[in-house]
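Listed below are the residues making up each chain.
There are 2 protein chains.
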Amino acid sequence: MSTILEVATRAGVSHATVTRYFRKPDLLAPVTYQRVKEAVEELNYVPNATARALFTGQTDIVSLIVPAITSSFFTEMADGAEDKAHELGYTLTLGTTDKDIERERTYLEALISHRVDGIIITPGTDSVEHIELLKRHKIPVVLVDRQIKDTHVDFVGGDSLDAGVLLTRHLIQQGFKDIAFVGGEPGAWSLKERLSGYRQVMQSAGLEERVYLGSYKPECGKKITTNLIQEDQLPEAILAASSRVILGIFNALREYQLRVPEDIALTCVDDVAPASIINPFLTVVEQPAYHIGQMAMQCLVNRIKGSTEPPDTHILPVELIVRRSSIKSERLHIS
Amino acid sequence: MSTILEVATRAGVSHATVTRYFRKPDLLAPVTYQRVKEAVEELNYVPNATARALFTGQTDIVSLIVPAITSSFFTEMADGAEDKAHELGYTLTLGTTDKDIERERTYLEALISHRVDGIIITPGTDSVEHIELLKRHKIPVVLVDRQIKDTHVDFVGGDSLDAGVLLTRHLIQQGFKDIAFVGGEPGAWSLKERLSGYRQVMQSAGLEERVYLGSYKPECGKKITTNLIQEDQLPEAILAASSRVILGIFNALREYQLRVPEDIALTCVDDVAPASIINPFLTVVEQPAYHIGQMAMQCLVNRIKGSTEPPDTHILPVELIVRRSSIKSERLHIS
DNA sequence: CGCAATTATGTTATCGGTAACATAAAAATA
DNA sequence: TATTTTTATGTTACCGATAACATAATTGCG
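Heads up: the sequence lines are chains U and W, in that order. For the record, in the first sequence the residue sitting at position 327 is 327 according to the numbering used here, with numbers rising by one throughout. For the record, in the second sequence the residue sitting at position 62 is 62 according to the numbering used here, with numbers rising by one throughout.
Derived from the structure by calculation, the hints contain no laboratory data. Accuracy of the hints is not assured; some may be wrong.
It does not matter which identical chain is used: a pair holds within one copy or between any two.
SDA-like mimics (lysine to any residue), calculated; alpha carbons at most 20 Å apart, straight line [said to hold, decoys possible]:
hint: 1; residue 1: 99; residue 2: 13
hint: 2; residue 1: 99; residue 2: 126
hint: 3; residue 1: 328; residue 2: 234
hint: 4; residue 1: 138; residue 2: 41
hint: 5; residue 1: 328; residue 2: 277
hint: 6; residue 1: 149; residue 2: 313
hint: 7; residue 1: 24; residue 2: 115
hint: 8; residue 1: 305; residue 2: 228
hint: 9; residue 1: 37; residue 2: 9
hint: 10; residue 1: 223; residue 2: 251
hint: 11; residue 1: 99; residue 2: 324
hint: 12; residue 1: 37; residue 2: 89
hint: 13; residue 1: 135; residue 2: 153
hint: 14; residue 1: 135; residue 2: 233
hint: 15; residue 1: 135; residue 2: 42
hint: 16; residue 1: 138; residue 2: 40
Kindly generate the complete structure, drawing on both the sequences and the hints.
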């Protein structure tokens, strides 16, 4: 807890010399350097980043705001972002928003107050309000997973349109005709894209669309599925908007003792990471989540460092992974 | 980006009055309050936490350092910690350490420099060095999942001894005799406890112990299992030290096309959270990870607020969840 | 050998808040 | 109405760094 002044006194120099020891060491005479070094070590001195930040206006802190860290996509994304942040010398803060509608706002205000150098965010809504707020405070932003139109900021995400296309096409190829799209935040870009992919393929196949939106949360999947079961409207196959939605769907199906894929085929966007190692079961479209996190952080730091390039939109390719949950033959074979 | 002075000028008051507007609003005359309020709003003024921290010595930032955020236990723990931190008005930083041995140290130094108010950490080793470092800098610490002896700090974790006991006893009850303990960080408290639970039960059952340590990482599980297979030493059942280790075990088994539980029974500590919803398969001992996170954060904030109670050790009960991966009858039935 | 150029170090204002202290104005009391 | 008390606001030093600027010490070169 010692200050630069105490170090200076102990080393018999002025505090400016101690600053130089850290910031421009080669300006010091070897003897002086050594003396300061000893004083620093003896006092366990660590410069106060808070004081530095006040003067320089830079905190070396960046922030990540996601709906839910427990969603496997965001867990891996955060892992990538954190690794990159550390590599580049930044400390990362984490905030989650979807347990409470107010939380995104309170987090942003706290981050503005703390003068973080930049923010990576998956916004909860498609409103420009929060982005404008950050712009007013001149805090660089990178959007992940959900783009907001008319906002000139960098974006990094998976190809959600293609995700919708790949899964729908796959289900149709399996011979399913009654395919429902379940879950997803109506305002979210990723949802719109996934849905749009689903619609394109359904239309060109001449099939009737069935869309049940809500949110990306498990509860949404559970509620919609329960309703469908109770009204005896369960489709042949479901394309779930996300891996969290599908958890709710599984819960609902289990309550009614319905089996996958025997009674209904299931697919979703985003792999449920460790689950697929233990028991590869779900057909999914996988996004390069870790890579997205890294890339978003790199983009953000480029902005922080002053890049004035026009905003970039990085849409990374996704991959269809076919497993048992959507295989019709499996279904016929058993029943 | 405006400062308190600009607000003061605009409102026609001194900057002290603006501080009072935020910190002791009822000291202001209604007219003054209103004038300041307008100025604050017109300028989008947000107080600079960096400047405040310099004076008060408090940053309202707390930190979480874990081996790997992608491990389901830590994901949920982080979720709990983050919720509680937000509830109590703190911003949380996140750091992961097990990709690089140096990282725990660099993180701690950065956090000391930033003068975070407190740190929750799952230390990578059982050395007291890092804890002492934090103590020297008077930063409150709470340990999670791994206790360090002779360190007088709060601890919150699951009952790892009981975890070892429950799983081993279960396997023995299933009729297995050749049971190996695989994986785990030799220096970690949680490992020692789990191992000790295993040993107690094996000994009192008169069974021979087989212990293969290494780390908590997937690679460890994979390597050990591959070796065992190649040397034709595969046991009847494995108790994996953690959910990450078991991922590697699965990988190895799959490469040799061995099946669970037909060829070998598997169990581990920590559930692989979403996996068990999609496909309940693994027999595990589940720790109340979210609750542990919340509790650790509450403990930490109590310390920050000045609590001088003697260090607390919270060991929370764990729960055995029996599923197919360890059922012998299932195995006999098939073979 | 003397003066300029270079090198090493010190002095000082500054970042944007906070809170103790001082003071002026209004209200309460005698 | 004079005096004390209360209320509202202003002044100022300070937190711990940084960097521009100033100065002292050393070196180089003619």
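To see whether the hints hold, each was checked on the structure:
1. 99 <-> 13: Neither: 53 Å inside a copy, 40 Å across copies.
2. 99 <-> 126: within (17 Å within a copy, 36 Å between copies)
3. 328 <-> 234: within (16 Å within a copy, 36 Å between copies)
4. 138 <-> 41: between (38 Å within a copy, 17 Å between copies)
5. 328 <-> 277: This pair counts as neither: shortest intra-copy Cα distance 22 Å, inter-copy 22 Å.
6. 149 <-> 313: Result: close within a single copy only, 12 Å intra versus 51 Å inter.
7. 24 <-> 115: neither (25 Å within a copy, 23 Å between copies)
8. 305 <-> 228: Neither, since 52 Å and 51 Å both go past 20 Å.
9. 37 <-> 9: This pair counts as within: shortest intra-copy Cα distance 13 Å, inter-copy 45 Å.
10. 223 <-> 251: within (10 Å within a copy, 35 Å between copies)
11. 99 <-> 324: Cα proximity of residue 99 and residue 324: none, with 32 Å in one copy and 33 Å across.
12. 37 <-> 89: Neither. Shortest intra-copy (23 Å) and inter-copy (38 Å) distances fail the 20 Å Cα cut-off.
13. 135 <-> 153: The answer is within: 10 Å in one copy meets 20 Å, while 42 Å across copies does not.
14. 135 <-> 233: neither (47 Å within a copy, 62 Å between copies)
15. 135 <-> 42: Between copies only: 16 Å across, 44 Å inside.
16. 138 <-> 40: between (36 Å within a copy, 17 Å between copies)
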